[in-house]
Amino acid sequence: MSNKIFFDLDTSWINNVKINLSAVERRTSTLVKRRTVKKEFQVAWLLKAITLIDLTTLSGDDTFGKVERLCQKALNPIDNMILQNLNLNTNDVKVGAICVYHHLIKDCKKIIDKKLPIAAVSTGFPAGLSSFSTRKKEITDSIKDGADEIDIVINRGFVLQNNWKKLYDEVRSFKKTAGKTKIKAILGVGDLETLRNVAKASLVCMMAGADFIKTSTGKESTNANLNNSLVMLRMIRDFYNFTGKKIGFKPAGGISTSKSVLEFLILVAEELGFEWVNPKLLRIGASSLLIDIERQLYHFTSGRYANKEKLAIS
Amino acid sequence: MDKIIKNFNKLSYGPAPEDSEEVYEWIKNLNKPNKIFINNKFVKSSGTKKLDIINPSNKKILGKLSVSSKKDVDNAVRAAKNAFPKWSKLTGFERSKYLYALARMIQKNSRFISVLETIDNGKPIRETRDIDVPLVARHFYYHAGWSSKDTSSNNKPIGVIGQIIPWNFPLLMLAWKIAPAIATGNTVVLKPAEYTSLTALYFAELCQRANLPEGVINIITGDGSTGEHITSHKEIKKIAFTGSTEVGKKIIKNNSDPNTKLTMELGGKSPFIVFEDADLDSAVEGVVDAIWFNQGQVCCAGSRLLVQESIEKKFINKLKKRMEKLRVGNPLDKSIDIGAIVAPVQLQKINSLVKKAEREGNKLWQPSWSCPTNGLFYPPSLFTNVTPASFIAQVEIFGPVLTCLSFRTPSEAVTIANNTPYGLAASIWSENINLTLDIAPKIKAGVIWINSTNLFDAACGFGGYKESGFGREGGSEGIRAYTKYELPVLNKARIKTNKSIYKNKHIDKTPKLYIGGKQKRPDSGYSFPIFDIKNKFICDVPNANRKDVRDTVEISSKAKDKQISSFNRSQILFYLAENLQDKENNFVELLSSLTGLQKNETKKEFDISKERIFYYASMADKFEGSIHNPPMRGLTLAVKEPIGLIASILNDQFPLLSLITVLSANFSVGNASIIIPGEKTSLIASEMYQLLDTSDVPSGYVNFLTTKQNSLNKILSEHENIDGIWLFSQSDIDRRKIIKNTISNLKRYWCPNSKNIDWYNNEEIFLNEFLYQSTQIKNIWIPYGE
Numbered sequence: 194m195s196n197k198i199f200f201d202l203d204t205s206w207i208n209n210v211k212i213n214l215s216a217v218e219r220r221t222s223t224l225v226k227r228r229t230v231k232k233e234f235q236v237a238w239l240l241k242a243i244t245l246i247d248l249t250t251l252s253g254d255d256t257f258g259k260v261e262r263l264c265q266k267a268l269n270p271i272d273n274m275i276l277q278n279l280n281l282n283t284n285d286v287k288v289g290a291i292c293v294y295h296h297l298i299k300d301c302k303k304i305i306d307k308k309l310p311i312a313a314v315s316t317g318f319p320a321g322l323s324s325f326s327t328r329k330k331e332i333t334d335s336i337k338d339g340a341d342e343i344d345i346v347i348n349r350g351f352v353l354q355n356n357w358k359k360l361y362d363e364v365r366s367f368k369k370t371a372g373k374t375k376i377k378a379i380l381g382v383g384d385l386e387t388l389r390n391v392a393k394a395s396l397v398c399m400m401a402g403a404d405f406i407k408t409s410t411g412k413e414s415t416n417a418n419l420n421n422s423l424v425m426l427r428m429i430r431d432f433y434n435f436t437g438k439k440i441g442f443k444p445a446g447g448i449s450t451s452k453s454v455l456e457f458l459i460l461v462a463e464e465l466g467f468e469w470v471n472p473k474l475l476r477i478g479a480s481s482l483l484i485d486i487e488r489q490l491y492h493f494t495s496g497r498y499a500n501k502e503k504l505a506i507s
Numbered sequence: 062m063d064k065i066i067k068n069f070n071k072l073s074y075g076p077a078p079e080d081s082e083e084v085y086e087w088i089k090n091l092n093k094p095n096k097i098f099i100n101n102k103f104v105k106s107s108g109t110k111k112l113d114i115i116n117p118s119n120k121k122i123l124g125k126l127s128v129s130s131k132k133d134v135d136n137a138v139r140a141a142k143n144a145f146p147k148w149s150k151l152t153g154f155e156r157s158k159y160l161y162a163l164a165r166m167i168q169k170n171s172r173f174i175s176v177l178e179t180i181d182n183g184k185p186i187r188e189t190r191d192i193d194v195p196l197v198a199r200h201f202y203y204h205a206g207w208s209s210k211d212t213s214s215n216n217k218p219i220g221v222i223g224q225i226i227p228w229n230f231p232l233l234m235l236a237w238k239i240a241p242a243i244a245t246g247n248t249v250v251l252k253p254a255e256y257t258s259l260t261a262l263y264f265a266e267l268c269q270r271a272n273l274p275e276g277v278i279n280i281i282t283g284d285g286s287t288g289e290h291i292t293s294h295k296e297i298k299k300i301a302f303t304g305s306t307e308v309g310k311k312i313i314k315n316n317s318d319p320n321t322k323l324t325m326e327l328g329g330k331s332p333f334i335v336f337e338d339a340d341l342d343s344a345v346e347g348v349v350d351a352i353w354f355n356q357g358q359v360c361c362a363g364s365r366l367l368v369q370e371s372i373e374k375k376f377i378n379k380l381k382k383r384m385e386k387l388r389v390g391n392p393l394d395k396s397i398d399i400g401a402i403v404a405p406v407q408l409q410k411i412n413s414l415v416k417k418a419e420r421e422g423n424k425l426w427q428p429s430w431s432c433p434t435n436g437l438f439y440p441p442s443l444f445t446n447v448t449p450a451s452f453i454a455q456v457e458i459f460g461p462v463l464t465c466l467s468f469r470t471p472s473e474a475v476t477i478a479n480n481t482p483y484g485l486a487a488s489i490w491s492e493n494i495n496l497t498l499d500i501a502p503k504i505k506a507g508v509i510w511i512n513s514t515n516l517f518d519a520a521c522g523f524g525g526y527k528e529s530g531f532g533r534e535g536g537s538e539g540i541r542a543y544t545k546y547e548l549p550v551l552n553k554a555r556i557k558t559n560k561s562i563y564k565n566k567h568i569d570k571t572p573k574l575y576i577g578g579k580q581k582r583p584d585s586g587y588s589f590p591i592f593d594i595k596n597k598f599i600c601d602v603p604n605a606n607r608k609d610v611r612d613t614v615e616i617s618s619k620a621k622d623k624q625i626s627s628f629n630r631s632q633i634l635f636y637l638a639e640n641l642q643d644k645e646n647n648f649v650e651l652l653s654s655l656t657g658l659q660k661n662e663t664k665k666e667f668d669i670s671k672e673r674i675f676y677y678a679s680m681a682d683k684f685e686g687s688i689h690n691p692p693m694r695g696l697t698l699a700v701k702e703p704i705g706l707i708a709s710i711l712n713d714q715f716p717l718l719s720l721i722t723v724l725s726a727n728f729s730v731g732n733a734s735i736i737i738p739g740e741k742t743s744l745i746a747s748e749m750y751q752l753l754d755t756s757d758v759p760s761g762y763v764n765f766l767t768t769k770q771n772s773l774n775k776i777l778s779e780h781e782n783i784d785g786i787w788l789f790s791q792s793d794i795d796r797r798k799i800i801k802n803t804i805s806n807l808k809r810y811w812c813p814n815s816k817n818i819d820w821y822n823n824e825e826i827f828l829n830e831f832l833y834q835s836t837q838i839k840n841i842w843i844p845y846g847e
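Chains A and B, in that order, give the protein sequences.
Using our numbering, you'd call the opening residue of the first sequence number 194 and step up by one each time.
Using our numbering, you'd call the opening residue of the second sequence number 62 and step up by one each time.
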């Protein structure tokens, strides 16, 4: 695997990207019917899914109290009773990370300590249109406050204008600013409209040093779906084949059921392989997904469908 | 619970079997051997032969299959024949209610049917559940609609239809056959394939529940011997066959009645063309759907991968990685891509073809994992180092085996794609719509998928060019195949009282053959004499032989490659009519002398001939295709394409008008023609060719060979470079001979019983019949979206 961080902007590669929407749709709609996991295999997959979750709260009204609940749930994602029934220990399953706004990083750090990575959304999230120096400073500040990962947003306008150079330069300088801290580049797929744009933006971000590419902020009307995810995964695969560097993937927004998260996991496993299905290379940005998974696990261990009220909220 | 920890640490799929208890219960309760379905009742077969019904995924015997005897076939045909008068006279709405009931029942029992099909055939439950069975229901819905829609009085039901279907899509092929047949008022005797009869027997139960009138649908099980009883049965008016080209040819050859209608949906070796500007990842998935769908046991499987050289290596690497991900195994498992091969003999065939290809130096690649051994499994396989000359690039394997060839330019792709006796389907991948739509018409195949593959729908026609068969299933074109149109017949014979004799000119006439736009002496150096009605010698005309045919075909098949636009064709025909009018006296006089018909009669023939040219001139740009409406974001264009080179053998009835009709209809759609005039009226053709020259008919498009009656029938009907043959003859023997000979290259044929054809008829349906016969429909699927 390549340790190189930055790669030159290759515009001929970007401009030659071909995406056929109908064929992409055909692949995703048939794939979810070509693979399924049942019973204890499904439980294992769902537990794995928990470890991939970037448990997120990104609301304007987030306070210490809200974040405290979130952190506690992140550390203890599954009800003790269920854990016992599954023969698991408390430490076996934790979420992938906590994902918050900058001003809550310190609060999280107090509760979480070093038990979980803390990701902060940054660079003028969600629109990404504040001044360049402000956005860069946000990264520095968040890292100073203790963020382990930075979710940056790209300037979607650059994509719509096909201004790959500017997009590349900006993301590259964000990565430079972040240094060893991992950055996840949020493409804002809903704003990019076409899958061709999604693919091209993916490539530019990877060339510019992004450690992860992430579908969306959760604030746009279209978030992660199997189609845009498939396209991003294929770009990750091409990039890996060309450079030897494994880039991570983070679908975010709208993944709220066990059924849906399994589809994403299957998609990643089929397109990139099982080695990509681990928190180093795959994260799911979600808030209400966890409780649905917990309900499925409850059902598996008890044989009964769970009442939501029985399970702790975050 | 430890399993969970283990799986959690190393994710894998694990088993996901579809529940099959209820279906096995049904199978257990089947009679051994099964009963056959005649007159809405399950009755014992009188046949003594029995076969095992095997589950290909574990080789376990499921039951015994009755091989229906001749007596059974007779009973079934009698039942269908008795049912026909009433069924065909029901209103469309009445018939459509039955089709609707069947469609609903299929949907309501869809999972049962899917499981049963998977157990019997070995194909994955994913496919039976998501593809086969929904398409079956769709087919009955669609045709329920047709039956209430099609009230045309001209296209009548045919009668009893014999239907023989293959094992690769057992219930889907049944639906493709039965739905259009009964929708249009026919009754059927259907034989499912010997390996896969169970879903057909279940369907028979649904027919009972739907209260279908007795005898409309009869289903009899059996093997090839039962099939032969069906195809040779005198009361069967049409045979619809889907299966191998080899058996299809045999059916055509053995068919004793030239009036029996045939449709043949036969084999293929379909090209899957990937250009350098395609979405390669999507194209790889396309290959998966093309050749690893239904274990590759698909007549239209994209089994010949053609990749542009510039991306060949990259594409093959992607493909191999994808192949590693395919899962072969228990077809009832919901996470299986490739199930079991239908029967041991098929598995052996695949094995031996692959071994042979390896011996010939083609490079075989298979994924690193190994197949389960408890059933009839074969891994997905890829051959590289293949050239068009390799046998593996030519032979239909009917298994999960892909052969890869490369090309450099679009025109080379077309050449390689067409380098096969087959012409069923093709898949074209490029993000450049200009390129794909340029290639689509150039590929000789009945179905073209742009950036997609193996798409099917009841609203679209499916069927082949060349040796992949003829006739279409689905769409309006499929309805045509289940109705008949009878040529109009003269009410009374034309009166022959002409006393005038041909006035010999002082200088001798020297008619010649007309080949490639040139007047040619016959190769043989022989002529035969033409006499007038009073037996007075008029002149000698050349007697064409096989070498003249050879030369004509050489020239005209090249000529037809130079496409002329529809507007151009139309202008030329108009001009021909204009030039013809100047020759009125010549033709009227000649016609009268040759036929003995009154002047007013021959004048009428002459006048209608002019009118006819005008009709076909105007149709050159009006006999259009259509756009089908499948449930897809995209277009499916049903394009009417010329057949190519058609040889037409005429008789002495309406010598001018029949020649004009055949000539201008064929020219109108863009076919090249070789026309053999009736022997005694050969001079009509000789008089005509000068007009063709003056009317700017491009050389080679129309050719006249004069000859003695029937003397060129064999050479023309066997010639492998002639794409179609028409014979207008009253003789059943001559018609049968022609049809039999067409199997050399499965050329399209049209040999109507020509007794007393009323060539004067000016009805659109009569005139358009010639246009339908001179074209074939290509369905081009164009999904779109950005």
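Hints listed in this document are in silico derivations from the structure and should not be mistaken for laboratory results.
This one's a predicted model, so the numbers in the text were calculated from it and none came from an experiment.
Where a beta carbon is used, it is the ideal one built from N, C-alpha and C, also for glycine.
A couple of the hints might just be wrong.
Now the stretches of chain A that chain B is said to cover, found in silico as 3 or more residues with beta-carbon under 8 Å [what the hints assert, rightly or not]:
id, region
1, 216-223
2, 227-235
3, 462-475
Examples of chain B residues toward chain A, derived with CB under 8 Å [as the list claims (entries may be wrong)]:
id, residue
4, Y74
5, N119
6, L498
7, P502
Restraint outcome when P502 of chain B is required to lie within 8 Å of chain A by C-beta distance: 21 Å, violated
Checking hints one by one. Is Y74 of chain B an interface residue toward chain A, by the C-beta closer than 8 Å rule? Since chain A brings a Cβ to about 6 Å from Y74 of chain B, closer than 8 Å, the hint holds.
Hint validation: L498 of chain B versus chain A, beta carbon distance must be below 8 Å. Holds or violated? 15 Å, violated
Report holds or violated for chain B covering the region 462-475 of chain A, Cβ cut-off 8 Å, minimum 3 residues. Check passed, 4 qualifying residues.
Please verify that hint: N119 of chain B, Cβ, nearest Cβ of chain A, below 8 Å or not. Violated, about 21 Å.
Outcome, coverage of the region 227-235 of chain A by chain B - at least 3 residues whose beta-carbon is closer than 8 Å to one in that chain: Three-residue rule met by the region 227-235 of chain A, so holds; n is 8.
Three residues or more, CB to CB closer than 8 Å: is that satisfied between the region 216-223 of chain A and chain B? Coverage by chain B holds here, the residue count being 6 at a Cβ distance below 8 Å.
In this structure, the earlier hints numbered 5, 6, 7 are contradicted, and the remaining ones agree with it.
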